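Trainee: The two chains are supplied separately, each in an independent frame; assemble them into the complex guided by the hints.
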Amino acid sequence: MEIQTSEFKRCNVIKTSGRIDGSNAQELAQALKALTSKGKMNIVFDMSDVTFVASAGWWVLIDTQKTCKPAGELVLVKIDQGIKDSLNLVGMGSYFRTYEDVTSAVGDF
Amino acid sequence: MPTKRFTCSLKNLEEICDFVGHWAAQAGFNESDIYAVQLAVDEATTNIMEHGYGRECPSRIDITCETLEDGLKVVIYDDADPFNPETVPEPEINVSLDDLKPRGLGIFLMRKMMDEVQYESSPDKGNTLTMIKRHAR
Chain A
1 MEIQTSEFKR
11 CNVIKTSGRI
21 DGSNAQELAQ
31 ALKALTSKGK
41 MNIVFDMSDV
51 TFVASAGWWV
61 LIDTQKTCKP
71 AGELVLVKID
81 QGIKDSLNLV
91 GMGSYFRTYE
101 DVTSAVGDF
Chain B
1 MPTKRFTCSL
11 KNLEEICDFV
21 GHWAAQAGFN
31 ESDIYAVQLA
41 VDEATTNIME
51 HGYGRECPSR
61 IDITCETLED
71 GLKVVIYDDA
81 DPFNPETVPE
91 PEINVSLDDL
101 KPRGLGIFLM
111 RKMMDEVQYE
121 SSPDKGNTLT
131 MIKRHAR
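As they're listed, the protein sequences go chains A and B.
Quick note on the working numbering: the first sequence kicks off at 1 and runs consecutively.
Quick note on the working numbering: the second sequence kicks off at 1 and runs consecutively.
Only chain B is shown next, with the shape it has when bound in the complex (with noise of 0.2 Å):
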């Protein structure tokens, strides 16, 4: 199971990407999917160090990707103020332009990309979330 470490930088989103893009691909899926998984890490990763760490600062956001057999586990660790992304409710999206608010499009954009979202938090271990990405039948 390959981890790695990246620090609290929005600079380092291209690299996360490239990195689960690549386990997405090793896992077999086509380049719709594979954009997908980058997608909803990206979202996740964005929300760590925009809302979780709330800055720019040199503590760690480990990243697990494990092949299944019919898919891809990405887990995601952080230490930051614990953040439950199932606490934010959907956004309303089919409403009119001026109704549209930037809100929780970001989870949205997880739940919407993944076959599965669990966050967990504990005071040793810190914020762990896990995201599945399956083949499609």
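With the rest of the complex left out, here is chain A (with noise of 0.2 Å):
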């Protein structure tokens, strides 16, 4: 799983690509620790390459949630409309602030 990190001023951006399942989601979960252990906690996840989650890739996102917060926040960025039907279907999106593109989303912190 290839993962670019960015910085910003006010936060970090993070981004991968493909699938996030039970054979990679600990490797997310570490690029995430990587950030949130420096006191990093305003992240934005560019998903827009992103074309699969399964609930391992959710408990990561989730997990890193609930470090963020209420110190700052995990948000989420052009996520794919599967994905994001499945995330509505089991009532798991309103844990995550959306954006559809990343400019907005680092502007906002």
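Treat the hints with care, since some could be wrong.
[Unchecked claim] Simulated pairs of lysine-lysine, PhoX-like, Cα-Cα distance not exceeding 25 Å:
{"no.": "1", "chain 1": "A", "residue 1": "69", "chain 2": "B", "residue 2": "101"}
{"no.": "2", "chain 1": "B", "residue 1": "101", "chain 2": "A", "residue 2": "84"}
{"no.": "3", "chain 1": "B", "residue 1": "101", "chain 2": "A", "residue 2": "66"}
Rather than coming from a laboratory, the hints here were simulated on the basis of the structure.
Predicted, not measured: the structure shown is a model, and the values here were computed from it.
Mentor: Written out as structure tokens, the structure reads:
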């Protein structure tokens, strides 16, 4: 799993592509922990190239959100419609603010 | 009825999703429903690998896809320890973030994504998980 992070003045942007499932969710968890352990609690997750998120992936994002709040927040950008539908169907959509583009998300911090 | 055999490795999840995704498309489902079938099967097979077999091993996970007049039937066979998803309680979802617990979400997703989820286990045939997705009327 290739993960890129970029640092901005008030937040960090993290990006990966493809699937997030039981085989690689821990790699994402480690990348997010590398940020939160340094006190970087404002995180934008660019999901524009993410095609699939299994529950293992959602728990990584939920855990990160628990760590970030209330000092900061994890927000999600450009979620694929199928992923969004599944998230909303189980009622977990309310735990994340979502944006349509990275610029708006970064600008809101 | 196409059946494909996979070994117990989380690295096979993508290939498993590709296989059921292909048959969901053959059954005439749209992209959103194909995603739902893939997610349900991904969660089911992840549970077999992590909770049933409990480790990466050469043991089988056989998946059969059958197109129906009104949808798709996916049957998953394995020889792991019996694990009945129907006994797992639904996770509490509409709670505060702090109270959200990482338990049972995969099975909850399976039930939500599919129209029927049925589990059987027998000493000679192993575990059989049957899931059906029907076209919206």
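Trainee: All the hints need checking, so say for each whether the structure fits it.
Mentor: Against the structure, the hints come out as follows:
no. : hint             : verdict
1   : 69(A) <-> 101(B) : holds (16 Å)
2   : 101(B) <-> 84(A) : holds (20 Å)
3   : 101(B) <-> 66(A) : holds (11 Å)
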